[in-house]
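Chain by chain, the residues run as shown.
Protein chains: 2
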Amino acid sequence: MIRVNDNYLKLPGSYLFADIAARARAFRQTLAVDDVISLGIGDVTQPLCDAAVAAMHDAVDELSRVESFHGYGPEQGYDFLRKAIAEGDYASRGVKISPDEIFVSDGAKSDTGNIVDILGAGRVAVTDPVYPVYVDSNAMAGRAGDYTGTRWSGITYLPCKEENGFVPQLPSEKVDVVYLCFPNNPMGTVMTRGELAVWVAWAVEKNVLILYDSAYEAFITNPAVPHSIYEIEGAKRVAIEFRSYSKTAGFTGVRCGYAVIPDELTVDAGGRTVRLNELWKRRQCTKFNGASYISQRGAAAIYTEEGRRQTKSTIEYYLSNAAYLKKALGEMGLKAFGGTDAPYLWVKTPDGMPSWDFFDILLRQAHLICTPGAGFGPSGEGFVRFTAFGRRESYVEAARRLKKLII
Amino acid sequence: MIRVNDNYLKLPGSYLFADIAARARAFRQTLAVDDVISLGIGDVTQPLCDAAVAAMHDAVDELSRVESFHGYGPEQGYDFLRKAIAEGDYASRGVKISPDEIFVSDGAKSDTGNIVDILGAGRVAVTDPVYPVYVDSNAMAGRAGDYTGTRWSGITYLPCKEENGFVPQLPSEKVDVVYLCFPNNPMGTVMTRGELAVWVAWAVEKNVLILYDSAYEAFITNPAVPHSIYEIEGAKRVAIEFRSYSKTAGFTGVRCGYAVIPDELTVDAGGRTVRLNELWKRRQCTKFNGASYISQRGAAAIYTEEGRRQTKSTIEYYLSNAAYLKKALGEMGLKAFGGTDAPYLWVKTPDGMPSWDFFDILLRQAHLICTPGAGFGPSGEGFVRFTAFGRRESYVEAARRLKKLII
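Protein sequences, first through last, are from chains A and U.
The first sequence begins at 1 in our numbering and counts up one residue at a time.
The second sequence begins at 1 in our numbering and counts up one residue at a time.
Calculated directly from the structure, the hints in this document are not laboratory data.
Computed from a predicted structure; not experimentally measured.
A few of these clues could be false.
[Stated by the list, open to error] Pairs of lysine-lysine residues, derived as BS3-like cross-links and limited to a Cα-Cα distance of at most 30 Å, are as follows:
1. 10(A) to 174(U)
2. 281(U) to 281(A)
3. 10(A) to 161(U)
4. 10(A) to 348(U)
5. 10(U) to 206(A)
[Stated by the list, open to error] Covered by chain U, per the in silico footprint, the following chain A stretches (three or more residues, Cβ under 8 Å):
6. 2-13
7. 132-141
For every residue, glycine included, the Cβ atom is placed at its ideal position computed from N, Cα and C.
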């Protein structure tokens, strides 16, 4: 028998959100409570916009007739969507990205997870706290060393704390690749153009690959915050950008996203200059068969005038949830960060309480579920994450219960 | 900068179907010909069945309303589909597979490509000719050695030729994993229950993992041919099975398939017994976010009485295309194999002509595109593949042109 990939055996057993679900389930069953409000997992609740719905109905109809049937699409996505992206997400902001540099997929989790396929040995840096996929996918590829209970020995962690405004400092040790996610999950914080420019200049100088996760770009309201890393001069030489329709347009169940790998992004491989987008194209052509035609038609509809207006309105709804909850937390004397350019609030626990303890208090007293910050990494200790993706009535009720909390 | 995965640099530059498309394009443009019929690429042409269409419209409607909206689904697929599979594809044939052993995905290409993620070092065997994904995904993982022009030094090839009825012999050297695809792509041939039982018994004895690609199962008409490898005693201890709705129900553009990894399939990892489905679950939870809800609803509709009847009718249509073309080829004196339990015909070239030469003759004289067998591996030389997935009128016209062929 073939051996298994031993790196999988080093992974810690359980997954953060599975832990939370298990605790919530036990609580519900033990106390027969049925009014638990989950503001923990970052899943959307508002329906798809009418433009996407209409486009997807049309797509299903096309597939129902022989004369308009579509079989296999291009692995990299249909031209109609790649062109809409190049125009709608880049040219409209003064960034020149060609449709050939865009790879449509079934979502940013697949892309951020699979990107390690095309990479070789090297030191990886992540922010701390961090979205677990970046770390776990590197651990699976044997690029993380050993797990020591809270950290991986081979990963460089960049602490994001209140002291540094939750924005990472440049690594002091040599690294080869760094994951940046802005607007940030879980912290809800952003980098301004100036702050991001420092990272790009450093990456160009030190020859570092930036994997830039921009899944929450649609929530940016501050004009000083870039929507794409390619707004920064030089970024095309050092950065891959990941985008998703999950949070932009409620596509968490529809599955569509994309990665941008500019032509200028090359690596020297033993004297041979290799374009990373060639390797990714080869990877996708071999191990992926394109996103669903129906999902791609839905995604393209988001770029119409109607689609833009409708998705914007839903995003404003979520941002107003964030503002509502932030106000309520503030009135309790709790410090909440983020939530103005991102769908997440990063909330400091009272009196430095451990985040799982605060999770338990919120669950037991207020029947509210949040995400303990420690689950995202050691520097997340002392914080919990709330999402803004619920329905308004949940936040109204959550605020009412929070007011009665005894800490 | 991180290094690239050097294994990618060993891959031969071009992909079989890209080569074919380029030759066909050049031919069309040079001669201004617009009546080329492609019977090369294995893509379907018939529309989705009404049951799937109705279910997908309903799913889109559900996503359009707040009260029935679905966000993230389980990474392994919705219970409604996993249960339909367990009942419709397994229990109905007397095979006990639990929904927990089923992992719904966006298609069999993703699954057969990604499965190498959870495997460690070991010797891989494939049939020759073979679907390129099995080989390329192992080459990308560094498990194929070096490419020597036609073969990889680290892969064991099992020749399938006319002499052995296009069914591979058991490997004479020690291997750790073997890919089997039956009904076979590209050869259109099958294994009977008795033939497959020899492989399973051998795998149990030698501790070999069988990766069983059953994407064309729906085309089986011969009752002696198993639809699932789990119909064979002992297979649950040694085999992973891959299934797809692409050819069963025309889902090449919709994207849905699944893999089965039985609980009994375990590997000893340094004294620790590891269930492969645990590792795959971890892989999918980390790097995949579930297949589209709409696609899963469409797939579930295939298991209704109406869905079964409709998909069966389309499959009969394709099989009758195969029979029609096989008869026409026979009348020309060409020997065609397969096509009775599979949507592919494996056609011997006249007088041992190289397959790319015969491809050129068919293109130039008859404006027909086939797939040269040599593209699937050295033992494919001397054969070409025709698919049955076209429209009937294409086969009528193809037969007419074939009769005028001067070889």
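Each hint tested on the structure:
In summary, the hint linking residue 10(A) to residue 174(U) is supported, as the alpha carbons are separated by about 29 Å, within the 30 Å threshold. With a C-alpha separation of about 26 Å, the suggested pair residue 281(U) and residue 281(A) falls inside the 30 Å cut-off, and the hint holds. At most 30 Å may separate the alpha-carbon atoms for a hinted pair to count; residue 10(A) and residue 161(U) exceed this at roughly 44 Å. Between residue 10(A) and residue 348(U), the direct Cα distance comes to roughly 51 Å. Violation of the 30 Å bound is thereby established for this hinted pair.
The hinted pair formed by residue 10(U) and residue 206(A) meets the criterion: a straight-line CA distance of about 28 Å does not exceed 30 Å. Only when three residues or more bring their CB closer than 8 Å to a CB of chain U does the claim for the stretch 2-13 of chain A stand; here the count is 8, and the claim holds. Check result for the stretch 132-141 of chain A against chain U: holds, 5 residues qualifying (beta carbon to beta carbon below 8 Å, three or more required).
Hint compliance for this structure: hints 3 and 4 are not met, and every other hint is.
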